[in-house]
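**Q** Here's the letter readout for the chains.
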Amino acid sequence: MLSIKNLHVKLEEEDKQILKGVDLEVEAGRVHAIMGPNGSGKSTLSYVLSGRDGYEVTDGTATLEGADLLEMEAEERAAAGLFLAFQYPVEIPGVGNMTFLRTALNAQRKARGEDEISAGDFLKLVREKAKALKIDADMLKRPVNVGFSGGEKKRNEILQMAMLEPKMCILDETDSGLDVDAMKLVADGVNALRDAGRAFLVITHYQRLLDHIQPDVVHIMADGRIVKTGGPELALEVEQNGYADILGETA
Amino acid sequence: MAVAQAKQDLTEARLAGLEMPAGAGWATEARQGALARLRAMGLPGRRDEYWRYTDPTSLTAAAAPRAALFDPGDEPPLYDGIDRLKIVFVDGVFDPAQSDDLSAEGLEVERLSDAMAKDIHWARDLYGVLEARGQVPVARPLAALNTAFATDGVAIRATGKVSRPVSLIYLHRAETSDAILHHVVRVEEGADLTILENGPAAARFNKCMEISVADRGAFHHVRAQGRDHERRAVTHMFARLGAESLYKSFTLTANGVLTRNEHVVELTGDDAVAHVAGAAMGDGKRGAFHHDDTVFVTHDAVNCESRQVFKKVLRNGAQGVFQGKILVKPGAQKTDGYQISQALLLDEDSSFQAKPELEIYADDVSCSHGSTTGAIDETALFYLRARGVPKDVATDLLVLAFIDEAIQEIEDTRLADDIRLRLQQWLERRRQG
Chain A
1 MLSIKNLHVK LEEEDKQILK GVDLEVEAGR VHAIMGPNGS GKSTLSYVLS
51 GRDGYEVTDG TATLEGADLL EMEAEERAAA GLFLAFQYPV EIPGVGNMTF
101 LRTALNAQRK ARGEDEISAG DFLKLVREKA KALKIDADML KRPVNVGFSG
151 GEKKRNEILQ MAMLEPKMCI LDETDSGLDV DAMKLVADGV NALRDAGRAF
201 LVITHYQRLL DHIQPDVVHI MADGRIVKTG GPELALEVEQ NGYADILGET
251 A
Chain B
1 MAVAQAKQDL TEARLAGLEM PAGAGWATEA RQGALARLRA MGLPGRRDEY
51 WRYTDPTSLT AAAAPRAALF DPGDEPPLYD GIDRLKIVFV DGVFDPAQSD
101 DLSAEGLEVE RLSDAMAKDI HWARDLYGVL EARGQVPVAR PLAALNTAFA
151 TDGVAIRATG KVSRPVSLIY LHRAETSDAI LHHVVRVEEG ADLTILENGP
201 AAARFNKCME ISVADRGAFH HVRAQGRDHE RRAVTHMFAR LGAESLYKSF
251 TLTANGVLTR NEHVVELTGD DAVAHVAGAA MGDGKRGAFH HDDTVFVTHD
301 AVNCESRQVF KKVLRNGAQG VFQGKILVKP GAQKTDGYQI SQALLLDEDS
351 SFQAKPELEI YADDVSCSHG STTGAIDETA LFYLRARGVP KDVATDLLVL
401 AFIDEAIQEI EDTRLADDIR LRLQQWLERR RQG
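Just so you know, the sequences run in chain order A and B. For the first sequence, UniProt numbering begins at 1 and goes up steadily by one. For the second sequence, UniProt numbering begins at 1 and goes up steadily by one.
Please note that a few of the clues may not be correct.
[Claimed, not checked] Derived DMTMM-like pairs: lysine to aspartate or glutamate, alpha-carbon spacing no greater than 25 angstroms straight-line:
#1 K391/B / E56/A
#2 K391/B / D53/A
#3 K141/A / D392/B
#4 K141/A / D363/B
#5 K7/B / E49/B
#6 K334/B / E409/B
#7 K153/A / E49/B
#8 K141/A / E105/B
#9 K161/B / E75/B
#10 K5/A / D53/A
#11 K110/A / E165/A
#12 K110/A / E428/B
#13 K391/B / D211/A
#14 K118/B / D152/B
#15 K86/B / E105/B
#16 K110/A / D392/B
#17 K110/A / E49/B
#18 K167/A / D115/A
#19 K153/A / E378/B
#20 K391/B / D68/A
[Said to hold, decoys possible] These stretches of chain A come out as covered by chain B in the derived footprint (C-beta under 8 angstroms, 3 or more residues):
#21 30-43
#22 71-78
#23 179-193
[Claimed, not checked] According to the in silico footprint, chain A covers these stretches of chain B (three or more CB under 8 angstroms from chain A):
#24 119-127
#25 380-389
Read the hints as simulated data drawn from the structure, not as lab findings. Glycine included, every Cβ here is placed at the ideal spot set by N, Cα and C.
Here chain A stands alone, though its shape is the one from the complex (with noise of 0.2 angstroms):
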């Protein structure tokens, strides 16, 4: 599904190398992880991904079904079935959620040669999706993520998700900012969306988001590499010892 080979990647402004040669493999159906501690690059790689200005890919691909992506625009990554669910959803005021959604799961829909979604196809869809994420007619009628609080921002992206039904899921950094039962909300959202056909990569600081949504493969990032990568036990491995041990093992 996803296939990142030597991605080398700075910042556009500054001379700073950010990722210093990544490499992953993400396989349909599967859930990969990726744990580092802060500055490692994931929240980059993340944004390098889903076409972000920015940064400068100075060496390596990304592709995704065998798709460039770095040659795509941003919103010809999503029509190809790329999705970020951000680490700080944006708020757009004057523009309602709902308004939102329609254009966005519309124009994707337009950019693969398929027909728009009616608007009563459409309502039917968004009530059902959002019912399951405990999302009320209220919180879709108002601004994207305005006055929404942290939990609901991010229910707010599982829902998008959700509507876009994209095949490679990016979550990064999901977990921040919620609480215990939002976090299994928010969880339960994204494994009702796990499927043979659809891949995720979840960026997590810390193991707790991970008891709820179960990763196939672990990987541990620092320094802008992916420095080691094992099973589930891995990130159990993260919370009892930290990175410091992982790290000293492979430096």
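Use these hints to put chain B onto chain A, whose structure you have.
**A** For chain B alone, kept in the frame of chain A given last:
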């Protein structure tokens, strides 16, 4: 102070091509008075402080610069689904054939020339009267010129709650038309009137509206200035508000080489409310775009509220100007005055100049003003794009969101939604080239 020779020459050159329409004694007196005012002020030039950011040359020139006609294609007329009383002007001339019968419950409408032919008419107390009041402390010579030489217009008097809006439709059919229209509006005590205006009107358009709202009356105004790229317009709204009255005006402007919209509002009765709003969307790609909102609100009574909300979206070298003033006279205690002007610049070639002013002579008031100029929010843009919305569509979504605060000033939600829909369609058309 004597008017400088150059200014006198400019004024006389313009006057040479104008003829004062005939009318009853009071009408001629009003027009002669305006002409005298105009001569005493002279037409505006680039050196006038009030025209510092807008070049009036094409508005004062003897002849109207040519303006190509705009083809709206299959676009439905604005306010299409709204039941309204239509009054149509073609290049500034009333067209009875395209207009509705000028009668409705609670409403008297007459063509200006008919009103002016009568020796006794209510319009006498308004025509040129509010305009003359509005010449102090800042001169507005183009409004005086309008009063002196207006060739057409309507006198509208609302005596009760008027259920249908009065819709003034201006059609542009001749490439060099030079129209001067003057309307007078009187909203009687407790009456409620909505006036809609739309259309590019003419190659050059000078329009004046004088509005008197009596105690507890309400006046709503929604205007859409047409999309002709090459047209020029200068408009004045002079309003005088009685106690507990309401005045709400919204203007949407898209395209146009030059637009100067002046608003002069005087709150003369206690507890009156005046909201003046505008949204302008300019693209310098197809010729120039220069848009100027000049607003002067005077508080001369206790416990009144005024609000100015102006938004401009500018691209490809488009220019925006806002000059807004709140004057609180001595004794106008408990005044609540608010003013905001904001510009969204979509590129580095476009510019916005704002001159917000407060002048306060009362000590128990709350007045605030703000002005911002900014680019599109890149974070929001990326968020939208990351969800699959193409950059141009995402930009337009953010543009609509930016403008919406001004549209929210329209009280009638049907009208507000109509304006929103129209903006969306225009942006869509623009995207499709």
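**Q** Taking the hints in turn, state whether each one holds.
**A** How the hints compare with the structure:
no., hint, verdict
1, K391/B / E56/A, "20 angstroms, holds"
2, K391/B / D53/A, "13 angstroms, holds"
3, K141/A / D392/B, "24 angstroms, holds"
4, K141/A / D363/B, "42 angstroms, violated"
5, K7/B / E49/B, "14 angstroms, holds"
6, K334/B / E409/B, "22 angstroms, holds"
7, K153/A / E49/B, "50 angstroms, violated"
8, K141/A / E105/B, "39 angstroms, violated"
9, K161/B / E75/B, "32 angstroms, violated"
10, K5/A / D53/A, "20 angstroms, holds"
11, K110/A / E165/A, "15 angstroms, holds"
12, K110/A / E428/B, "15 angstroms, holds"
13, K391/B / D211/A, "38 angstroms, violated"
14, K118/B / D152/B, "15 angstroms, holds"
15, K86/B / E105/B, "15 angstroms, holds"
16, K110/A / D392/B, "15 angstroms, holds"
17, K110/A / E49/B, "52 angstroms, violated"
18, K167/A / D115/A, "19 angstroms, holds"
19, K153/A / E378/B, "19 angstroms, holds"
20, K391/B / D68/A, "20 angstroms, holds"
21, 30-43, "violated (count 0)"
22, 71-78, "holds (count 5)"
23, 179-193, "violated (count 0)"
24, 119-127, "violated (count 0)"
25, 380-389, "holds (count 9)"
Consistency note: the structure conflicts with the earlier hints numbered 4, 7, 8, 9, 13, 17, 21, 23 and 24.
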